[in-house]
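Novice: Spelled out from the first residue to the last, the chains are:
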Amino acid sequence: MVRDVFTIVMVAAGAFFFLAGTVGLLRFPDTLTRLHALTKADNLGLGLVVLGLLLRVQGPLGALKLVAVWLLVQLAGATVSQLIAGAARRGEPSA
Amino acid sequence: MPQHLSEATTAGGFLLVLAVVLPVTAALLAFVAGGRRVEWIALGTMPLGLAIAVAIVVAVPQTGAPLVYLLGGWAPPLGVALRADGRSAVMMAITAVVIGAIGVFARADFRTPAGSVEARAPFAFWILLLAIWAALNMVFMGGDLFTLYVALELLTFAAVPLVSLDGRGETLQAALRYLLFALLGSVLYLVGTVLLYGTYGTLDIVLLSHRVHAGPPTLVAAALMTAGLLAKTALFPLHLWLPPAHAGAPAAASAALSGLVVKGSFFLVVRLWFDVMPALPGPTAAQLLAALGAAAIVFGSVVALRQKRLKLLIAYSTLAQIGYLFLMFPLAVDPGSAQFQSGGALTGGMLQAISHATAKAGMFLAAGLIYAGLGHDRIAGLGGIARALPISVLAFALGGVSLIGLPPSGAYLAKALLLQAAAETQQWWWAVVIQTGGMFTCSYLLLVLGHALAPADKPVTLRVPVPRIGEAAALALAMCSLLLGLVPWDGYLSVPVGIPSNPPVLKALATALWPILGGIVLAILLGRWGQGLARIPVAEAVVAVVGSARRIALALGRMLVRVDGTLRQWAAAGFSLLVVAIMFGAAMLAGR
Amino acid sequence: MTMAMALDSGLAVVVLAVAGWTIAARGTFAAVVGFVSYGLLLTLVWVRLEAVDVALTEAAIGSGLTGALLIGAAARLRAGEASPVEGPGVVLRLEIAVLSATVAVALAIAVLLLPDPAPTLAPAAAENATATGLGNPVTNVLIAFRAMDTLLEKVVLALALVGVWSLAPDRVWGGYPGPRHRSDPHGVLAFFARLLPPLGIVVGIYILWAGADHPGGAFQGGTILAAMWLLVMMAGLTDAPPVSRRWLRLVLIVGPVVFLVVGLGGLWLGDAFLAYPAAHAKPLILTIEFAMTLTIAATLGLLLAGPPERKLS
Amino acid sequence: MGVATVFGLCGAAAVGLGLYGVIVNPQPLRKILAFNLLGSGVFLIFGVVARRGAAAGFGGDPVPQALVITGVVVAFSASALAVALLLRLFQETGRATLHADAATSAGANEADP
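Protein chains in written order, with the numbering used here: chain Z, 1 to 95; chain P, 1001 to 1592; chain U, 2001 to 2313; chain V, 3001 to 3113.
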């Protein structure tokens, strides 16, 4: 029961961050601020979702996989946002 | 195909495996070996492949039933079977012959130059040629509709790069158009396969033929698959890609594309309508298909007559000949049961396909030699070439003659069979179209020969010496087509009694006279003669007589050329594709 | 309407909306980005359809590699976008829209009218699974029951590469494919390209290995390996090998060749072409899959790299 | 309505969108993109057929699923070849269009002398 409540709260909070990030992506004026909204939301939102699900997986291997997913997304997100930001600063057109 | 519900691998079935494995292995080995070895491997494979095809041809009538091979020992529906019936055997044999001739011809054009380890065009050409061969063999004997899809894609991927081997912008564009339109066609085919699987739980041709019934999913599948295959066959009005691709490719590649590749998807239309669902399409759809064929004959021929360049003329004549292949469909419908029957009409259609494969390949090779010799292929500039390159012009002429349907050519037998079927099923209008097709074929042959036989202003000096072996290959293909009518087809294709393959001379001449006379009239009325016509005194007199008729005919010709140009726009062709698919759906629904 | 139903419907609507956007978007680049997200959404659909193997393939190839291919092309074609090409007129567009919709509706009706209960080969596949000793039914179909399709598909891949290479200008034949990628050796991309591949290679091999009994297999694993290779190339840490290298060409065909050899072995030993002797089925299949993974990774990577563009120095 | 029905309709609609895009969009790259969309719609119908055939403890019929995997690979090869052709065409001519060049039908329209 406590575990269920924890999961619900955590995943809901994660979803909220995704929502906020998406709104930011759509509403913010330029590439850098949009990027800011997106990365914050991704890192924190996904982190919260993973945290919420951690208690529900069976065995440590499953938990490890979840954490690995989070870490990989962090890594990819960080790299890609760096690259996009670099491109934006150099004034290349972006999508 | 006979009724085998629980089938097993037949004796000699392993030949079918070899027919695919041999060219595939050769292509892979050539890829690694590289350099000059690519050519050697390809040429070395050709006699072996021909031997396998001959072995299959020998084995098929002995068993009296298709050769069957269950791949991996798994029987359909879970597994995939290879099956070779008479039709497959004949097509595989003719493919081996044409590939062999193209190989001999291409040695001159696709040789790795001395001093270089490996050159791009030869490397690609020989591997692609082997791949075309493997794909076609698979198409001819694949027993499963999805395996056939993969084979069809293999065929496309092998054919497209051949178009743009010279790397000019024009041919690159032709290749891209070809690829994209062919992909559109194969996706439509693929939709059909999934609907059939969802309805019957199998894609095996024999199993499907027992289970198929006319529910809506099956009708939608049949309509989409037919339209998709027609797009790949370039049946009018889905031909936007064919003229630039076939005319722009190097001669050896054009011969393979025009002679062989379009026959792959044609063969699958036949498989689909005659073997998978003989009761389904019905007479209305058959009439529609043949009507497209008739339109192809008129458009292809008239536009061919208006061309300035020899290779484009041949490409447009391919368009017309493809139309001819589809005339057999309404003639093969049994009036009583409305079923498609593997009788004389089907044999006629297949023979036409075989004759065209050899004749057209030979004609493209001959045109390639003329191009190489002159440095151009403008029809108006062909004067004197018959003296300079007699063998090439002879090969071209013989190929054309055999396509007109003069005895003893395969096309003659085909025409006789089709005319007989038209008489039996009382569809006189298709007999008219068949005869008109022969006249048109004759007319553009006359147009070319009229220019080639005309004396030149100054003696023709060849730019490069033309290789004898290439001329021999072109001539051999043309002769092959001319003599196909003498082959005993009984064990492979059903030939009804009463069709003599070797008719009395007088009667043959009488039947041959009509297309020739009609061809002369058409050629004079519609041909692009320029100064050429003035050189022939008789023709000049005729022109004076029929001057006004020619003016009307030319106006008509120009109109058709313009319509053709519009239809070959991408969006218009896509529009036509959808219309064709929907019309076939409606026709099949109506024929239910 | 159940909860799952509502979710599925919502997913379908979003998928179609993104699909519509990729068709309607003005800019090519935007359309391609739309396509990549469409592919990722489609992966969810595949999971909902209980086809995890396909979901992996769709994510890796349908969305990932195709997306990379199209983005790369869009970037290189950007110079040509300035002069927009004319499309068909409004009337023709409308007509084509109506016709496309007609085909779609006919297709939808056909799908709705598929028979119930649906015919299936699942029991047959389950029954014969012992012949291979593998637990993943999809792998069984790909490698045993319909091995010919898979073999032909490998040939298709090899041929597509020959086709791509055949587009090279003559003077650079035998040289290096694609443009040389350069980037800051201390930049973030180079860092990423050093950090990720060791992990990616492990994951790729794991997916290949797991494919015997669980979702995964040679294709999905090979694609991940290809992606790692491409990442290293794009970061400028290594160059694509020249197309004339003998070892490269060997790698590019080892998959189908091993497949053919094992298949012909089956013919020789009396069973059938592409039949595996029951005692050795699993090791033989794993050998084929391993060889295929190598070939797939190399072929996919080079298909993305494009035809040779730089001379062999 | 089940999951199969929903995504079956979704697949059919994607086919319609893809057909429209391939035919109407003038830029070849957009055509290639639409072709992939079209293909994915077809594959989705394969997935629906597979899902409907769930039996013997499998969540779906493995045969159509395997066919999709083969199909995805073939479609990718096609896209790769098409993109390579397109880029080469652009390199060679500076234009990326399928509009028929005057060269392909040259002279055919002119009047006879």
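Think of the hints as simulated: they come from the structure by calculation, not from any bench.
Watch out, some of these pointers could steer you wrong.
[To be verified] Ranges of calculated distance between the beta carbons of each label pair, as one might list FRET restraints:
# : chain 1 : residue 1 : chain 2 : residue 2 : range
1 : U       : L2112     : V       : R3095     : 42 to 48 angstroms
2 : P       : Q1426     : V       : R3095     : 52 to 58 angstroms
3 : Z       : R90       : U       : A2210     : 39 to 45 angstroms
4 : P       : R1592     : U       : K2282     : 46 to 52 angstroms
[To be verified] Derived lysine to aspartate or glutamate pairs resembling EDC-like cross-links, with alpha carbons at most 20 angstroms apart:
# : chain 1 : residue 1 : chain 2 : residue 2
5 : P       : K1308     : P       : E1170
6 : Z       : K65       : U       : D2213
7 : U       : K2282     : V       : E3092
We put the CB at the ideal spot given by N, CA and C, even for glycine.
Novice: Hint says 39 to 45 angstroms; check whether the CB-CB distance for R90(Z) and A2210(U) agrees.
Specialist: 42 angstroms, holds
Novice: Per the hint of 42 to 48 angstroms, is the separation of the Cβ atoms of L2112(U) and R3095(V) within bounds?
Specialist: 44 angstroms, holds
Novice: Are the Cα positions of K2282(U) and E3092(V) separated by 20 angstroms at most?
Specialist: Given that 20 angstroms is the threshold and the Cα spacing comes to 50 angstroms, the pair is violated.
Novice: If I claimed the Cβ atoms of R1592(P) and K2282(U) lie 46 to 52 angstroms apart, would that claim hold in this structure?
Specialist: 50 angstroms, holds
Novice: Going straight from one Cα to the other, do K65(Z) and D2213(U) come out at no more than 20 angstroms?
Specialist: 19 angstroms, holds
Novice: Cβ-Cβ distance between Q1426(P) and R3095(V): within 52 to 58 angstroms?
Specialist: Given a distance of about 54 angstroms, which is inside 52 to 58 angstroms, the answer is holds.
Novice: What's the verdict on K1308(P) and E1170(P), does the C-alpha distance respect the 20 angstroms limit or exceed it?
Specialist: 17 angstroms, holds
Checked against the numbered hints given earlier, this structure breaks only hint 7.
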